[in-house]
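*Asks:* Residue-level listing of the chains:
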Amino acid sequence: MAEPVLDIRNLSVNYLTPRGTVKALRRINLQVPSAKVVGLVGESGCGKSTLISAVIRLMAENARVAAGEIRFTGKDMQQLSPRDLRAIRGRDMSMVFQDPMTALNPVFTIGRQMADIQYRDAVSGKEKLKRAADMLSLVGIPDAVSRLDNYPHHFSGGMRQRITIAMALLVQPKLLIADEPTTALDATLEVQIIRLLKDLQADFQCAILFISHHLNVIAELCDFVGVMYAGELVEKGSVRDIFHRPGHPYTRALLECDPSVIAEPTRFLPTIPGEIPSLIDLPEGCIFYDRCPGAAQVCKKIPPPEVSIAEHHTAACHCLEV
Amino acid sequence: MEPLLEVEHLRVRFKTKSAVKAFIEKDDDPYIDGVMGVSFAIEPGRTYGLVGESGSGKTTVARAVMGLVPVDSGAIRFNGENLVGLSRDRVKPFRRDIALMFQDPAGSLSPRLKIRSILAEPFRIHDKMPENLSVEVARLLKMVNLSPSMGDLYPHQLSGGQARRVGVARALALSPKLIIADEPTAGLDVSVQGEILNLMARLQNDMGLSFLIITHNLAVVRHVSDHVAIMYLGRFLEQGPTQTVFHHMRHPYTQALLSAHSSPDPDTVHHRISISGEIPGLVSRPLGCEFHTRCPGVREKCRRLFPPRADAGKDHQYFCHYPLSVSEN
Ligand SMILES: Nc1ncnc2c1ncn2[C@@H]1O[C@H](COP(=O)(O)OP(=O)(O)OP(=O)(O)O)[C@@H](O)[C@H]1O
Ligand SMILES: Nc1ncnc2c1ncn2[C@@H]1O[C@H](COP(=O)(O)OP(=O)(O)O)[C@@H](O)[C@H]1O
Ligand code: SF4
Ligand code: SF4
Ligand SMILES: [Mg+2]
Ligand SMILES: [Mg+2]
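Going down the list, the sequences are from chains P and W.
According to the working numbering, the first sequence is numbered sequentially starting from 1.
According to the working numbering, the second sequence is numbered sequentially starting from 1001.
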């Protein structure tokens, strides 16, 4: 692999709380190669959003990077001045969040907000609005020109999300980070957005770090996939390896829970019994031990090593059949 | 069976500009139709699924049933009584029987309130404070498999799945007959999603609850709902028993929507029915069949005339001049 756009090495992040230190991320190693799409999946609370907040250096007040480093196009994100950071965010790196209102200001019109984010471009205000309207049409907002005058609350949830996607694309970033961007969209639009992201990626050679619970979307869009569980990256590999040859028991269980692979309609869907362990008092051995159907004696006491299954495909488990 | 909820020709309109602006611009119809005459019924103990493109009006239908947006015309009958036009006082007892399940209790409820206060809110709003609130809170938490000690936590201290359970518990507070769940599992991973849907199915079995579920997730609808409606630009283009609509759909939009759904396999070759073009806006609602601007099978008549309602079988209706033949799917 050439130098990755984003290189996360041995990253650990803690949250300091009155109840103790929440070890939200532990020793994460993840690379996003240039012009590739990397997907992240895992149970809610496994640390996906924390990882992203660390990457963009917009962490909660009580969050601390305990170890590791994050390099973006070779630059160490932790060493950058606030000014350099601002220059990177919203230009080389842009974001789409789960909740569109994180990115939209309720008191300004959509047109104004979309023109404002182009402040670095030396073109007329009229041209900026035209670009904004074009991008809105591209993401499927009807009556784009007239809707530039509307405020965020005039749009449905899904429309608001498409607007934030349009805004993120307007700056033509090197890395687009998307935290569950299609959660609020229906299947046709989701497909449309996925295609749009793919086209954009091909045109602008933009890399994408993509978080989603929609496994079908991950399968369709991504080149590589990382699977997280309770703060650890338990498996990573090419999209084919993850979906066709999952190694880690958690990955396998997760794939089996997907209702779209269950042919016969049923009211009771498969789940992964048990609960995520406390991230304050971590278990001694494997993090998945109390929910793992294949757990062995050794798993209880000794954390599993990262085992290589194939090129670029690794999993952290004692009992892999390699 | 008598339906629990029966919605007839429901219409909801939104003002697009102020009266002054409309006057100045000589616009005598400054309205858009958010919901344009939809009819459906939910029987006791059944689940009705509402799917459709974003902006198609699903949430607006739900809000109308909850009495949260004014109804322009049509009827919303609950247990036989039309709630449209009833005075606030007369409508109140009915509203207790219809609960809304918050999509994201951690986000939509006050982060400063402990879970116990969040669960007490419905009682307070409806002036129905139970004698022993802690007992009631513990009972609600137990119903959704949470320990009573969770009452002392704040929303941000819960996992995504736990927060959703609190949302279910809150909806159950006043022992409703119908629960409206807008995107009940959006943002959850598939294993936790399964837990929440299984919980809802168990409560439905135990208590005979009815559900109106709004979701984008076709895989979920296929498993959990008895009936489904496919919504587009404020109308139900097709509705019927879920299995029928999924396997014997007659409307081209239904077919396109279902074909868009991909499978979780990177090697799948997708045979998608591409629907090109933009989703028309409510402001520029197309004439004739509103899907004609994107329909692969559009013909001349579609551009002029809105198709009449057609019955394809028991409870199965659609609006299309040139429906798919039954053998096509
Ligand atoms: N208060 C309002 N004023 C003007 N237009 C509105 C208002 N509320 C909703 N709309 C419009 O009504 C339409 C339907 O909105 P609604 O929120 O019901 O969509 P939805 O089907 O729930 O979409 P989503 O799947 O994205 O949540 C949209 O075009 C929206 O812009
Ligand atoms: N500000 C915070 N203070 C304390 N704990 C937090 C904070 N933000 C997140 N957490 C905890 O960190 C873990 C990971 O959360 P998050 O990154 O949001 O997960 P995901 O995005 O995968 O759902 C969870 O256990 C969550 O409760
Ligand atoms: S190390 Fe043991 S407990 Fe952990 S996932 Fe592998 S088999 Fe299961
Ligand atoms: S009426 Fe015509 S345009 Fe509308 S869905 Fe049917 S075939 Fe397509
Ligand atoms: Mg998250
Ligand atoms: Mg909605």
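The set of hints was computed from the structure by calculation and includes no laboratory data.
All C-beta atoms, glycine included, are put in the ideal place defined by N, C-alpha and C.
One or more of the hints may lead you astray.
Restricting the straight-line Cα-Cα distance to at most 27 Å, the calculated cross-link-like pairs of lysine-lysine (DSS-like) are [said to hold, decoys possible]:
| id | chain 1 | residue 1 | chain 2 | residue 2 |
| --- | --- | --- | --- | --- |
| 1 | P | Lys198 | P | Lys75 |
| 2 | P | Lys75 | P | Lys23 |
| 3 | W | Lys1177 | P | Lys126 |
| 4 | W | Lys1128 | P | Lys130 |
| 5 | P | Lys23 | W | Lys1114 |
| 6 | W | Lys1177 | W | Lys1128 |
| 7 | P | Lys23 | P | Lys300 |
| 8 | P | Lys36 | P | Lys126 |
| 9 | W | Lys1177 | W | Lys1142 |
Stretches of chain W that chain P covers, calculated by requiring three or more beta carbons in the stretch to come under 8 Å of a beta carbon on chain P [unchecked claim]:
| id | stretch |
| --- | --- |
| 10 | 1067-1078 |
| 11 | 1127-1133 |
| 12 | 1154-1162 |
| 13 | 1182-1188 |
| 14 | 1279-1288 |
*Asks:* Run every hint past the structure and note whether it holds.
*Replies:* Now for the hints, and whether the structure bears them out:
Under the criterion of a C-alpha separation no larger than 27 Å, the hint pairing P/Lys198 with P/Lys75 is consistent with the structure, at around 26 Å. As the CA atoms of P/Lys75 and P/Lys23 are separated by approximately 26 Å, the hinted pair is consistent with the 27 Å bound. At most 27 Å may separate the alpha-carbon atoms for a hinted pair to count; W/Lys1177 and P/Lys126 exceed this at roughly 54 Å. Restraint check: the Cα-Cα separation between W/Lys1128 and P/Lys130 comes to about 55 Å, which exceeds 27 Å; the hinted pair is violated.
The suggested pairing of P/Lys23 with W/Lys1114 holds, with an alpha-carbon distance near 24 Å, which does not exceed 27 Å. Distance check on the hinted pair: W/Lys1177 and W/Lys1128 sit about 17 Å apart at the alpha-carbon level, within 27 Å; holds. For the hint pairing P/Lys23 with P/Lys300, the CA-to-CA distance comes to about 19 Å; that is within 27 Å, so the pair holds. Simply put, P/Lys36 and P/Lys126 have alpha-carbon atoms about 34 Å apart, too far for the 27 Å limit, and the pair is violated.
Using a Cα cut-off of 27 Å, the hinted pair W/Lys1177 and W/Lys1142 holds, with the two alpha carbons roughly 19 Å apart. A count of 0 residues in the stretch 1067-1078 of chain W with a Cβ less than 8 Å from any Cβ of chain P is obtained; the coverage claim is therefore unmet, three being the minimum. Using a Cβ-Cβ cut-off of 8 Å, 0 residues of the stretch 1127-1133 of chain W lie near chain P, which falls short of the minimum of three, so the contact claim is violated. With 3 residues having a beta carbon nearer than 8 Å to a beta carbon of chain P, the stretch 1154-1162 of chain W meets the requirement of three or more and the stated coverage holds.
For a cut-off of 8 Å, the count of residues in the stretch 1182-1188 of chain W with a CB near a CB of chain P stands at 4, and the three-residue condition holds. With 5 residues carrying a beta carbon less than 8 Å from a beta carbon of chain P, the stretch 1279-1288 of chain W meets the three-residue requirement, and the given coverage holds.
Checked against the numbered hints given earlier, the structure breaks hints 3, 4, 8, 10, 11 and satisfies all the rest.
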